[in-house]
Every structure is written in C-alpha cells, then in structure tokens.
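*Asks:* Guided by the hints, dock chain Z onto chain C, whose structure is given.
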Amino acid sequence: MTTQNSNSADVSTAEESTQDEVLLSVDNLKMHFPITRGIILQRQVGSIKAVDGITFDLMRGETLGLVGESGCGKSTTGRAILQLYEPTDGAVVFEGQDLTDINSGELRRMRRRMQMIFQDPYASLNPRMTVGSIVGEPLEVHKIGGSRREQQQRVQELLEIVGLNPYFINRYPHEFSGGQRQRIGVARALAVNPSFIVCDEPISALDVSIQAQVINLLEDLQSEMGLTYLFIAHDLSVVRHISDRIAVMYLGKIVELADREVLYENPLHPYTQALLSAVPIPDPQVEKKRQRIILEGDVPSPAEPPTGCNFNTRCPQVMDICRQYEPSFTDVGEGHRVACFLYDEVEALNEAGQPVAVAA
Amino acid sequence: MANLIEVRNLQTQFFTQDGIVHAVNGITYDVAEGETVAIVGESGSGKSVGVMSLIRLIPEPPGKIVNGEVNFDGQDLLQLNEEELRQIRGNRIAMIFQDPMTSLNPVLTIGRQITEALELHLNMNREESRARAIELLELVGIPDAGARLDDYPHQFSGGMRQRVMIAMGLSCNPQLLIADEPTTALDVTIQAQIVDLVTRLQSELGMAIIWITHDLGVVAGLADRVLVMYAGFIVEEGPVDVIYGQPRHPYTLGLLRSIPRLDLGRQKRLIPIEGLPPDLLDPPQSCPFAPRCPFVIDKCLEENPPLMAISAVRSSACWVDLSDVEIYDTSADEQVEAVA
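Here the protein sequences come in this chain order: C and Z.
Numbering-wise (full-length UniProt numbering), the first sequence opens with residue 1 and increments by one.
Numbering-wise (full-length UniProt numbering), the second sequence opens with residue 1 and increments by one.
Chain C extracted, bound-state conformation (with noise of 0.2 Å):
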C-alpha cells in the first residue's frame, strides 16, 4: 500500500444515485514493468512504474472517464484491468470474483462479461479476416454462438445493432473506413454480450467530423444494454460529455476523480486545474479571456518518479512537504477525491504507504 489509504471501499455518490451496485472494484493496483540488462543473465536494474497504486470503484451502468496526458498510465490501468498484463499488487474485483486470484479457465469464462475497444481500428482488425469472422471469433472462442447459422446471424443482428449494413458481413476490412472499422471493433466487443466495456481512447484516430458517430453509439448502446464503460482518452471535451464520473491520472496516480460537473467546476488539483485550462475551447470569444496555467517542463519518467508527490517538479503551487512526504487520495466531500497537499484532510505518507504526522 503507498498511495490510497484504508477507507477507499465506497467511492462516490453511490447511495444519491440509482447506480448503486458496484461492478468493479479497483483497489492498489500496481502494474510495474521490469527493465533488464544483459543478454543471456538478466538482471533486473529497476522498473517501470507505470500503474503505481490505483484505487476506485466503478458502479454498474456508469461511465467513468480515465484522462491523462500520454504515458500517464491510463491504457496499462485498462489492461490492467482485464488482466491482459498480470498486475504487480493489488486487487481488481469484477463482479464479486478478484481476477487477479483465479486460475486461467476461471478467467477465460470471466472475459465474456468484460471486453475492450481499442484505439485504432487499421490495427486492431486481422486484414485477413472477413467482418464476419471478425465479429463471430468471440462466440466461437467461448462456444456460445450454435450453429453456424445461429452465429451468422448472431454476427448480422450485431453489424445492424452498430449501424453497419448485415450484408457486409463477407467483407475484408480495409473495405471500411475508420469510423466504419472502429464500429465493427463495438460489435466484435457487443458479441459475447458484455456488462463491462473498457474504451480505450476509441476516437482518437478518427476525423473530427466522424467522432460525434462513434460518441453517439457508445451512448446509444450503453442506454439500451445497460453497460458499464472505463473511457479512456485524452481529450477532455470528449471525456466531458461522456463520463458520470471523472478520474485524473498523473505519472501512474489517480490525483483526483470526481464527478462530471464537479470536477470541470470546481477542479482541485493542481494539475487538474492545468489540464483543463490547457484545453482549447472552439470559441474566439471565450478564448481571449481565458487564463491558461502554463506547466514549465515534462513528465518526469516512470522509472524514477520524484520523492514526495509525483507532480512536485511541475507544480505551480509547490510547497516543502510535497517535495518529502507523498499525499494520501482523500475524499473531501461527496466523493470528491484528492491527493494534494493544499487540502486539510489530505494526509501525509511514508514510503510505506502509511500516515505520518507532519507538523503544519
């Protein structure tokens, strides 16, 4: 345990809201990648800390957003997730069962209720593969799909449900545009009829114009189905109009994760603060009277994160005790949740991860 203290179970505005089941629970989780030298004997010489102690809650039928500036973490956070890396510590539970302590068979049952949309859709496709066989290969692999008929219609009715015409379905993939691909990647997620989707940046290659497509899609089949969505992106207009729930990730950290409107109100974090002046806004108007937070420098890398808060050597408001003690993530009302120093209720800790009394 380093970064999220013990009282991290409900998160949010469960009880006001109708959302109120929790359908995955994240809680420390840690993702390091080794990095080795040597040929034949490898030593390990330090690691990457690209997900360093996570901690949050997801409801059922809600979106949560996960932004952050590239490298940040947020992808490994969803791979993570699915256990498509074996995470270092922590514990992801998805509906009651923690992913991380079951055996593989168990697993391979359990991806049927979670799948992922990726970013870009030339390389997420097999080129030799047919959209039919694209979107069917999940019914065949977990052998829910009957026959070959069943399956072939199973795999037209999920072309209809995305807007794709059925009769594509003998098509090759470069036959489609990006938009289009990207829409057949929903359909091959929608296949095995999954409560939880994890969108992994899944506009961010396509044109302006075909975005606002694939937005409304997402929304449509969420409202119909029911499901769940982890929303990756960069872009935080987007993550804006998408999300419930927001949460920030900086060098491996979640700094702060609030609800939709509280957060783009009432941003927290330093770097929150920042990044969302940082966007620009399609208005001249209100573009010349903004202020914009310039952050000096750049991430510093993951191998070796700075003492204290990752965010010290950027922030504009640092003080001593960043530079020493790292801050807990700490709910500061209705489930708004912060690490940083500025806020009274936010503690210090130790390397350990464990509170520590600093004098003010």
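What the hints contain is simulated information worked out from the structure, not anything from laboratory work.
Please read all numbers here as calculations on a predicted model, not as lab measurements.
Virtual Cβ for every residue (Gly too), placed ideally from N, Cα, C.
Treat the hints with caution; some may be incorrect.
Unchecked claim - The following label-pair restraints were derived from C-beta to C-beta distances: (1) Z:Glu128 x C:Tyr172: 56 to 62 Å; (2) C:Asp120 x Z:Ala32: 37 to 43 Å; (3) Z:Asn67 x C:Asp120: 50 to 56 Å.
What the hints assert, rightly or not - Partial selection, computed: residues in chain C whose CB lies under 7 Å from chain Z: (4) Asp207; (5) Ser209; (6) Gln213; (7) Leu217; (8) Asp220; (9) Ala278.
Claimed, not checked - Coverage of chain C stretches by chain Z, computed from C-beta distances (three or more under 8 Å per stretch; other residues unrestricted): (10) 262 to 275; (11) 289 to 298.
*Replies:* Quick look at chain Z alone, frame taken from chain C:
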C-alpha cells in the same frame, strides 16, 4: 497590411495507378504580412497538400501542380527553378511539421541540424552559426541551450523536439512560417506551451503564419483568419470571430456542432455529420458536401457553388443562406431535421 503571399486558383493532382486524385481543386487566398491564417479541414481535405504546393514540396511524380499562381514578393513561386526556390525555402518561407521525431534527422546532433540552414542561407561560419543556434534554442525556451546543442533528437522529449523544430524554422528570420499540425502529436499541456511560444515569437518577430490543423479549438485562440477546406475546395473563409460566431457553410456548422465543448453544460447529444467525405479519385460535379448536407437543395446537386463573397470580409461556397441558423440553439436543431 500588404499581402505577403497571394495564391490564385491553385490546383494540385496526384497521378496514381488508380486514376487522378483531385487533391486541391483551385484554391485562392491571400496572407497579409504578420497575419495568422488557419487552414482547417479533416484528413484528405487537401489542407496540407495545398500549402506544400506553395513551396513545391509535393513529390513529383506522382504529384503535379496543374494550375495556379503563387505570388510571393513579386515572383511566382511556381515558375522558379529549383535553385531560385531553394533561396526562399527554409529562408524566407520556413516550415514546421507535425511529427517532430520523423522530421529531425536522428543521426545528426541538434546543433548540426540548426547550423546547416544558417551556413547555407546566411553564409555564416561555424562559430557564428553555433552562437546563433544557441541563441535560437534559448529563444524557444530550451534550458541549458549551449550544452544541449550536441545532443541527438532522441535525447529530447516530444515537446522539446517541437521547440527545436521551431528554432530551425525561425533560424533565418522567415517572413512566412508554415506550421503543419505542429501540436497534433503533443499532449494538451505541451500543446499549450507550444501555442504560447509561437504566439509570443510572432509578436516579437512579426512573421506571418499559416497554421494547418484539424483542431477547431486551437484555431480559435490563435488565428486572425480561418479557411475551411473540404474535398480540395475552400468552402468558407473569414475572420475567426465571424466564422465561429456565425458559420455560413453547412460543413463548418456541422464541425462546430459535432465537437463537445468543455465550457458548456452537457449537450444532450452531439450532432454528427452523417456519411463520409467524397472519393477524390472520382469527385462529384455537384457540391462535394451535398450528400452529407442537411440543407441540400436541388441546385446543390446540379452545380458546385464557387466561393462567393457574402460580406466585405467573408465568403462561403454554399447556395443556401444560413444566416438565421444558430450553432447551439435547439430551435436550429429542429430546423435541421425539418430541412432534412
């Protein structure tokens, strides 16, 4: 302000095995001295090809500038020979590109890459050019510039590499800087740094900028004037406030409606532009936007509208009068449905 560059009926095509790609179909515009003009469009709209054609950076073959004039300081750039053009490229007209990793040479030091242009265009010797290179790196905000001159591109981060590109672009004090999606590969906080840097440099050095982008947000805070391109045509042109405040082309309107805005409350639903852009191998004779346009009338299918002036400062290529349509108004949405 006097016009720095005047583009007249520029037409660029690519002659491929599959046929002729009509990338740029006769575009006309001016850029005044010290002005920032943004060219906005989606992939394949011809925005990059159109601007690359100005300084003939189109690979020939398969590309060919089949028609047009580019008047820069009294000469037509399209008529110059390679030697004369080289005197202008990188010197009086400079470019910065989208991807700072692939546009820097990985096996040469940053210092060498900057000094090359200085030695070539300004006849500086080694020491002079090195001193100037340090000056330039300091100008674009690279800390400890003297020491970093001997570093290679991989030792810099993405944002820092884009700063190096800008330093190279500015090395010969250009009158015109062409920026082709310079912030697309960068994160938002780094993008804010770069936009801030370029605007500061422009006010200090006074060059004109052509900024090519697909991001309507970046343009809003940066440009004086906007050109919107679609399928190789300029479909709308005007001062930035006017275009964003009251778009008069359905495509511009569609773009503004299809992007969520950070500063507005949750829009109920985004209004996407349905369909896909036309195939430039076989462009329609009608208005290229007609198949996707909610305002389409019969005339649109018969005749492609030229870019027509609708006031002293702006023009639009559309037969339909959109002056009553609001961007975010709900009544306008009903109107769209009614017309469609």
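*Asks:* Does each hint hold? Answer for all of them.
*Replies:* Comparing the hints with the structure gives:
1. Remark: the range hint 56 to 62 Å for Glu128 of chain Z to Tyr172 of chain C is upheld by a beta-carbon distance near 58 Å.
2. Checked against the given bound of 37 to 43 Å, the beta carbons of Asp120 of chain C and Ala32 of chain Z, roughly 40 Å apart, stay inside it.
3. Range check, Asn67 of chain Z to Asp120 of chain C: Cβ separation about 37 Å, and the 50 to 56 Å hint is violated.
4. For Asp207 of chain C, the interface hint holds, since its Cβ comes within 7 Å of a Cβ in chain Z; the closest pair sits about 4 Å apart.
5. About 4 Å separates the beta-carbon of Ser209 of chain C from the nearest beta-carbon of chain Z, less than 7 Å, and the hint is met.
6. Interface restraint check: Gln213 of chain C against chain Z, minimum CB-CB distance 4 Å, threshold 7 Å, status holds.
7. For the restraint placing Leu217 of chain C at the interface with chain Z, the shortest Cβ-Cβ distance is roughly 9 Å, beyond the 7 Å limit, so the hint is violated.
8. Violation of the interface hint for Asp220 of chain C is found here, the shortest Cβ-Cβ separation to chain Z being roughly 9 Å, above the 7 Å cut-off.
9. Below 7 Å, beta-carbon pairs count as interface contacts, and Ala278 of chain C has one with chain Z at about 4 Å; its hint therefore holds.
10. Beta-carbon proximity to chain Z at under 8 Å applies to 3 residues in the segment 262 to 275 of chain C; the threshold of 3 is reached and the given coverage holds.
11. Given as covered by chain Z, the segment 289 to 298 of chain C passes the check, having 5 residues with a CB less than 8 Å from a CB of that chain where 3 are the minimum.
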